Amino acid sequence: MLALLKREILLSIRAGGGALTGVLFFLAVVSVFPFAVGPDTKLLSHLAPAILWIGALLASLLGLDRLFAQEREDGSLDLLVMQSHPLALTIFVKALAHWVMTGLPLVIATPLFGIMLNLSPLGIGATMITLLAGTPAISFIGAVGAAVSVKLPRGGMLISVLVLPLVIPILIFGVAAITGALEEPAPFTAPFLFVCAITLFTSVLGPLAASIMLRHSAD
Amino acid sequence: MKLIVENLGLNRASEEIVKDISFELSAGEALIITGENGSGKSTTLRGIAGLLPLNSGAIKLLDENGKQFEGQPREYCHYLGHQNGMKTALTVRENLDFWQKFCGEPDLTIEEALEEVDLSHTIDLPFSYLSAGMKRRVTIARLLVSDRPIWILDEPTAGLDAQSVKMFTALCQAFCESGGILIAATHLPLGIETEKTLEIKASN
Chain A
1 MLALLKREIL LSIRAGGGAL TGVLFFLAVV SVFPFAVGPD TKLLSHLAPA
51 ILWIGALLAS LLGLDRLFAQ EREDGSLDLL VMQSHPLALT IFVKALAHWV
101 MTGLPLVIAT PLFGIMLNLS PLGIGATMIT LLAGTPAISF IGAVGAAVSV
151 KLPRGGMLIS VLVLPLVIPI LIFGVAAITG ALEEPAPFTA PFLFVCAITL
201 FTSVLGPLAA SIMLRHSAD
Chain B
220 MKLIVENLGL NRASEEIVKD ISFELSAGEA LIITGENGSG KSTTLRGIAG
270 LLPLNSGAIK LLDENGKQFE GQPREYCHYL GHQNGMKTAL TVRENLDFWQ
320 KFCGEPDLTI EEALEEVDLS HTIDLPFSYL SAGMKRRVTI ARLLVSDRPI
370 WILDEPTAGL DAQSVKMFTA LCQAFCESGG ILIAATHLPL GIETEKTLEI
420 KASN
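Residue numbers (the working numbering), protein chains in the order written: chain A, 1 to 219; chain B, 220 to 423.
You can take every hint at face value.
So these bits of chain B aren't anywhere near chain A, every CB distance computed over 12 Å:
#, residue
1, E225
2, E331
3, T341
4, S383
Ranges between beta-carbon positions, derived for each pair:
#, chain 1, residue 1, chain 2, residue 2, range
5, B, G410, A, I212, 39 to 45 Å
6, A, A190, B, I223, 57 to 63 Å
7, A, L20, B, G323, 30 to 36 Å
8, A, I115, B, D366, 51 to 57 Å
9, B, Q291, A, M157, 33 to 39 Å
10, B, A381, A, L112, 58 to 64 Å
11, A, K151, B, E235, 16 to 22 Å
12, A, I212, B, R231, 16 to 22 Å
13, A, E183, B, E289, 57 to 63 Å
14, A, A28, B, N256, 44 to 50 Å
Think of the hints as simulated: they come from the structure by calculation, not from any bench. Please read all numbers here as calculations on a predicted model, not as lab measurements. Don't be surprised by glycine CBs; every beta carbon is placed ideally from N, CA and C.
If we strip away everything but chain A, and leave its shape as in the complex, we get:
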């Protein structure tokens, strides 16, 4: 399984810089907001947690359509599902690698984008922690969407439509936690724990559901 993780990460570095694409997309989304909102820095810093979370959410969806479709095209998928390893574990590792190459760079880039949005240091810290806890869930849920649309030639749009409603709870609790950290008397711990719980829950259920989908979409 370590070999699979290494291969996935190597592939996303080699094939067109998967990590960089996510961060650039994040930059694009985040940097247009100050222009749209106008010169009101107070309003901007108020909106910043939501903007950062939306940007991260959309950037995390990038590359999900290739997760299994590419494996299917070059015949690797057959070999991946034939092995004695539980298929859910294989999918877990693939989703984890997807997060390492798209979600994690977003977390690391957050301080820079936080400054662009006039977010306080405490707010930047809270955003980084909630993104760190929440973005893996997007990859795990995304794996299910990718498995459903593995046979479709242009499944990218379908994945977004399937996955977005399912990741909205993470968005709600993630932004609520940041607001809680910045403003009294809203709580930080409770929504943050919800984010963690969703990630743990989807890390089990997502790969399992995706493995059932992949077994049944065999042809």
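Model the placement of chain B on the given structure of chain A, informed by the hints.
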């Protein structure tokens, strides 16, 4: 070791394409499946490799004492399909190294396996640089880097030149002599001594 396939029936898009295929292979035997285009050769092989749900019938893998092997038969198979299952962005070494680690049961080293298919000089080249025939030979080397008792080969010689076909036949012969079971769909006989043939006729 014995591979028993009984009354295999397989569907493609809710239409039964393969019906009532039965055969038995012991260690060291090879089966060549022939038939027209579209008669269901690939479907049969994918069914045996566990990549398609069986419509009817059963696939069993028994040891010398008639006991079933643990787990699914597919876990003991190498499958060589129409596609190579290699990543073009990785080098030959990285590709083979991954499959060796992922499949487990390492057999030959990557250098030795490439030596067998006469491609030692390509080890550090990206897979995308190779010609179609060379890609196929690297894929054949994948069968050698981890040890599986059954080889399932779908048109294994597609894209190979005459010399490479000879080399591949020798590899198959050696595999069968070492007690392996080989099932191949091909239009040309592989010339293995213990070769049986099975002709599939289109069912419609």
